[in-house]
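Could you put the whole structure together from the sequences, leaning on the hints where they help?
Residue 116 in UniProt numbering sits at position 116 of the sequence shown, and the numbers go up by one each step.
Hint data in this document are derived by calculation from the structure and do not stem from the laboratory.
Here the structure is a predicted model, which means the values were calculated and not measured.
It is possible that part of the hints are untrue.
Claimed, not checked - Derived DSSO-like pairs (lysine-lysine); straight-line CA-CA distance at most 27 Å:
1. Lys125 to Lys173
2. Lys173 to Lys237
3. Lys432 to Lys421
4. Lys432 to Lys455
5. Lys455 to Lys421
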Amino acid sequence: MDFDPNAASHSAQVALYAMESRQAGHHAAAAPPHSPKSAAAESARMSQHPTTGLLASATNSLTDGLATGRTSRPTTYHDLPPEVLQQVADHVPFDDIGNLSAVDKQTYHVLRERWLSRRCWQRAKAARNVPLSPLESRDDPGMNVLDLASMQQLLTEIERIRVEPALRAEPLKALWPAIRAMRWEQQQAAFEQVFEAAGRVPRQGLQIQNDMIRAIHQFSRSQPRCNVYEFVYGLYKFVYAQAERRSAEQGSTWAAVASLLGCLDNDASQSWYEGEYQAFLGRLPALHTAEQADLIAELAILLPHVFRHGSDKGAKTAQYYETLLAWVRRLPPSYQGAPIGALARSIRLLPDAHRPMHYANLRHLTLSLPDHQLDSALRCLPFGLTALPPAQYAHELSLLDPVFQRVLPTQRAPVALGLLKSTKDFNETLSKQIWQCALRLLESGDETDVQSVLKDMQQVMSSLPLQHLEDARIEIRAFVDRTRFSEATRQELLDYSNPNVLWVIPERVY
1 MDFDPNAASH SAQVALYAME SRQAGHHAAA APPHSPKSAA AESARMSQHP
51 TTGLLASATN SLTDGLATGR TSRPTTYHDL PPEVLQQVAD HVPFDDIGNL
101 SAVDKQTYHV LRERWLSRRC WQRAKAARNV PLSPLESRDD PGMNVLDLAS
151 MQQLLTEIER IRVEPALRAE PLKALWPAIR AMRWEQQQAA FEQVFEAAGR
201 VPRQGLQIQN DMIRAIHQFS RSQPRCNVYE FVYGLYKFVY AQAERRSAEQ
251 GSTWAAVASL LGCLDNDASQ SWYEGEYQAF LGRLPALHTA EQADLIAELA
301 ILLPHVFRHG SDKGAKTAQY YETLLAWVRR LPPSYQGAPI GALARSIRLL
351 PDAHRPMHYA NLRHLTLSLP DHQLDSALRC LPFGLTALPP AQYAHELSLL
401 DPVFQRVLPT QRAPVALGLL KSTKDFNETL SKQIWQCALR LLESGDETDV
451 QSVLKDMQQV MSSLPLQHLE DARIEIRAFV DRTRFSEATR QELLDYSNPN
501 VLWVIPERVY
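Right, dumping it as structure tokens:
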């Protein structure tokens with residue numbers, strides 16, 4: 001892999017990079033570096049070429065220190081030592097690393113691994129972007145679909161990045177989604193090899209592995225129906241074994257691994273499923289606090305799958321619920337939000353007599369949360385409220401009023417959406433109050449948040465009783481009237497309040 005001067009000379013962007021260094025001496029002779037003339041020229045050039053301007057700005061700030069004490073000539077790009085070139089590269093967009101590395105031979109060799117990272121990223125992205133639909137066949141020779149051999153070649157290329165292994169992260173993040181476009185019989189082997197490669201990436205490798213595990217259910221959709229369970233179970237055993245090998249310092253994937261149980265419940269025996277669930281509970285004491293919070297939330301989400309049959313399923317579910325709630329109480333409040341929300345969603349699994357007490361426990365914990373944790377709990381707590389006797393609705397909602405006012409502005413959209421999705425379970429009066437509360441949360445948000453919330457409400461709105469729907473339209477119109485929006489956004493929001501415009505469930509695209 002040698003420097004190619006011909007390739008470099010044909011890039012307009014590279015020419016701009018090179019021009020920066022070649023003309024440095026000439027401009028210095030014509031005018032002082034910070035004279036009005038040179039400053040104006042620099043400003044004009046940077047406005048025309050923002051990426052080059054970014055590079056120049058970074059280079060200038062770094063070379064000022066190098067020039068200190070030198071009076072014979074100004075420091076130019078070619079004087080920069082390798083460590084400064086690396087710092088310059090830190091300020092350059094990832095897409096422009098190829099151009100920067102082609103400026104000259106020195107830059108190429110200094111930034112060789114960054115250049116290799118970007119080249120592998122491009123190849124992985126090209127493979128990932130292959131269109132795939134049920135009408136397209138992976139056996140079509142005209143389709144440029146990644147196969148196992150070419151993926152292994154690309155992994156070998158990625159692992160040539162040895163000095164800075166963190167540079168493997170971007171190509172691997174682009175590569176693993178391409179597994180879904182591979183032939184189904186190659187997907188498990190491909191997943192395992194990419195997963196192991198991600199485990200050798202410092203810092204970002206753990207997040208890549210967690211993302212891959214949670215995407216297994218998506219990969220299973222491209223498997224033949226008769227092979228789905230075998231595929232998911234095979235990968236479940238693989239990632240489980242990988243999780244057991246991780247040290248505490250490497251971080252945990254246990255919450256992501258536990259999520260796979262939700263893909264196995266229909267075909268696994270209840271005794272096996274409960275045994276796996278208990279094993280995950282047993283891992284909680286060994287985890288760090290944040291990892292405990294993640295796993296508790298995941299186990300709460302899985303509660304509906306644990307006991308599907310049997311006369312004692314209610315009592316056993318209540319037992320596990322109380323165990324999880326006890327673990328939530330042990331967490332610092334700064335980690336309790338998501339577990340509280342997950343338990344609130346599962347509260348209707350409990351026997352009727354247990355629900356009010358456990359909902360009161362969750363509400364009490366929510367009122368004590370720090371502001372940044374409120375959204376994770378409040379977006380789900382209204383669903384727990386709907387599991388209580390209707391006579392308690394109004395009182396419980398009034399107790400939450402003060403805490404809604406504490407939600408951070410950046411987190412109000414998901415809280416508002418969680419509130420609105422629960423309206424179908426309340427009577428007309430409470431439904432109207434919930435719409436008012438949710439729209440008040442959105443008053444301080446930007447237009448995109450408001451549009452996103454109402455768009456996500458389409459499916460729920462289409463199933464509301466007529467009076468609920470009319471009340472919602474009235475509240476939307478009042479909200480638009482008292483809030484400043486652009487004319488385009490205002491008209492779009494008014495469409496939601498127009499009785500002549502139907503709330504249509506968007507067609508699902510596969």
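Hints, verified against the model:
1. Distance check on the hinted pair: Lys125 and Lys173 sit about 9 Å apart at the alpha-carbon level, within 27 Å; holds.
2. The straight-line distance between the Cα atoms of Lys173 and Lys237 is roughly 23 Å, inside the 27 Å bound, and the hint therefore holds.
3. A threshold of 27 Å between alpha carbons decides the hint, and for Lys432 with Lys421 the separation of about 13 Å falls inside it, so the pair holds.
4. Straight-line distance between C-alpha atoms of Lys432 and Lys455 comes to about 19 Å, which keeps the hinted pair within the 27 Å bound.
5. The hinted pair formed by Lys455 and Lys421 meets the criterion: a straight-line CA distance of about 12 Å does not exceed 27 Å.
Consistency with the previously given hints is maintained throughout, with no hint failing.
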